[in-house]
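Using the sequences and the hints given, assemble the complete structure.
This is what each chain is made of:
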Amino acid sequence: MLEKETVDKLLALPLSPVDDSAFSESDKQFIDWLYFNLVGKHVRQCSCRSRYSDAYYECVSLNSEIKAIIKMKSKQRKYRLIPGYVIYYKGNHYSGVNITDEIAKEYLKEHPDSAKMFEIAEDDPRVAEAEKFLEESETELKDAQPKLTDESVDRIVACQNTLRECIEGGDVENIVSASLGLKAAWEEAEAKPVELDQDPDGDGDGPTEAPGVEEGQDQDPEGEETEQKTPKKKSKK
Amino acid sequence: MAIILNYDDIDWDNVVVGASANLITTLPLKAGGKVGYKVAQFKNPFQGTVRNLNDGTYLRSWDKTFMFVTLTRDDEQNLGLNDPMANGKFVAIVRNEDPGDKGKCRWEILGYHNGLQLTACDQDAYGDTYGGDVFTLKEEFAARSSMYLYNTDAPTTEAAVLGYLTPTQNAA
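Heads up: the sequence lines are chains A and B, in that order. Going by our numbering, the letters in the first sequence line up with residues 1 to 237, in that order. Going by our numbering, the letters in the second sequence line up with residues 238 to 409, in that order.
Rather than coming from a laboratory, the hints here were simulated on the basis of the structure. All figures in this text were calculated on a predicted structure; none of them were measured in a lab. Beta carbons: idealized from backbone N, C-alpha and C, even for Gly. Check each hint, because a few of them may be wrong.
Claimed, not checked - 30 Å max Cα-Cα, derived DSSO-like pairs, lysine-lysine: (1) A/116 - B/267; (2) B/267 - A/67; (3) B/339 - B/280.
Stated by the list, open to error - Computed footprint of chain B on chain A, listed as stretches where at least three residues anywhere in the stretch have a Cβ under 8 Å from a Cβ of chain B: (4) 87-96; (5) 135-146.
Printed below as a string of structure tokens:
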């Protein structure tokens, strides 16, 4: 299992390096370290231009986990310039290697006729579903926050952040598990009764009551259902 | 360095020929995750790659030979490279050390007209290919002696070449 730091550094490397010019010095050090750990020897010492890129490809081919990371990385972009095409935009040359979604969007806005040069990935339905679920969860949390324990709220917020990161990073593989995590957090929060001896306003008089409701008065006409869902209220002493 | 492309992966309808008839500015691949394959060699890369005049009965044309070696004995390589190579048709974009005027001759296209086809694949277990193979691909009856990939300037051309090695969204 690769460590997070290693994965981050792998993701920061150029996607398809042709030779060593694509790598910075720190990239080269990282590749040497990775190569040594996987193959058991350092990158070869010779004068050719592709020592590190060859080592990089060897690492990718040797380790299925690295292969999966590189594959995931290559799938993150929505706009792909078809190999063989190159565009000149705002003083820079872009091919499939270095074009970003932002540049592609801008370029296509100005040159809509060039759409044939791109492959545009369709949005994954799982992403749309996850976005909708996240939005609903955030709205619901605002309303339900007073009824939930701090621990539950923290867990839900953490799960929401994880899901948001997956959506923003285009990490479709983990979106489903992050959604399930958030769903589980909600179920657990609803099942766990809130401790109403907590004093949210800090004035020492227990939980804040809704205005106009007398103490001991049941807010919910269906008292039984409320008792199941909401916690037992602690009587004020 | 060279990049090998499948002949049928090239989007021939959208190929753009430059100012000269043997300068190709755009050699795009078809949509759908097509990609090129890099061949890198150490010493005397692509030794044996030659061009010969084909003295036909009615017309003279050019025969081009592209050679490369693999330096390992590997089951995956045999399955993924040797076997498909036997029946395929290819185009190779080869990097010349001599870039010519303004870098126009840096990237030479072999197999542009009729495609390169494998004519020999020799393995010598006692040679210095260490159980690898020596591949010989040949294009016959090419109409022009040389074809080059050149778009605007050297950096633009380089960017286009690098693009062949980047899989598109739908690549598996």
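Structure versus earlier hints, numbers of those that do not hold, lowest first: Result: hint 5 breaks, nothing else.
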